[in-house]
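Asks: Just need the whole structure built from these sequences, with the hints factored in.
Note that the protein sequences, when read in sequence, are chains A and B. Using the working numbering, the letters of the first sequence correspond one by one to residues 1 to 85. Using the working numbering, the letters of the second sequence correspond one by one to residues 1001 to 1141.
These are calculated hints, taken from the structure and not from any lab test. Watch out, some of these pointers could steer you wrong.
Not everything, but these chain A residues come out facing chain B in the computed CB check (under 10 angstroms) [to be verified]: (1) LYS12; (2) GLN61; (3) PRO66.
Even for Gly, the Cβ is constructed at its ideal location relative to N, Cα and C.
These are the residues of each chain, in order.
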Amino acid sequence: MKVTVLYFASVKEQVGKAREELELPSSVTTVDALRAFLRERGGAWAETLAEKRRITAAVNQDMVKPGAPVKAGDEIAFFPPVTGG
Amino acid sequence: MKVSIQQEDFDVGVETRKFTDPKIGAIATFVGVVREVPMTLEHYPGMTQKALEKIVREAQERWQVLDCTVIHRYGPLQPMDQIVLVAVASAHRGDAFAACEFIMDYLKTQAPFWKKEQTPEGEKWVEARTSDDKAAERWRT
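Replies: Right, here's the structure in full:
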């Protein structure tokens, strides 16, 4: 299935990418699984998205928990804890 | 109700004078300002608007909010520049104060903005503060 993945702030800088369209294997059905799938790229990806790092995910522009489902056509974003205001 | 994500500055007086409901008896405003260090604010276009609208709706469910304006700026900002405005109009001050503080506390942990400071040692992303998490948490009880 095809999804759009976005990266913001320090996550964007560390992985060197702001946005990509991805074809996901059928085994990737949750946000957490997608994060693990991206970590398999190794290097900065493994480091930035490491389990111990505090990363927030959003699906279709709503913040979600790690177990949240991922469906075809979704827009999924990974970013560090927010610091606005 | 108004939520605006913009680069331009805002004027608190101009914004609060737009509240015209005759039932209004109290307006609480909060303005966040850049402290000491120049910075650039990044955001997630689309989600910021959506997240702030959701926070305002939640405030409306908890308190009497007759009108409300939230403005958050992005892009490069200098010390003393205004960053954010939350203005809440209610019949009485209790609701206005509480809703204004609630919106700010939630905005701090739920709205996708990130500050990058330009320090003399170089650029640095601002770290999230656990005190902000705690401030948002206390409204859950």
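Asks: Compare the structure with each hint and give your call.
Replies: Comparing the hints with the structure gives:
1. Nearest Cβ of chain B to the Cβ of LYS12(A): about 8 angstroms, under the 10 angstroms cut. The hint holds.
2. Proximity of GLN61(A) to chain B holds as hinted, the smallest CB-CB distance being about 4 angstroms (cut-off 10 angstroms).
3. This hint is violated: PRO66(A) has a C-beta 17 angstroms from the nearest C-beta of chain B, more than the 10 angstroms allowed.
This entry does not satisfy hint 3, going by the numbered hints stated previously; all others are met.
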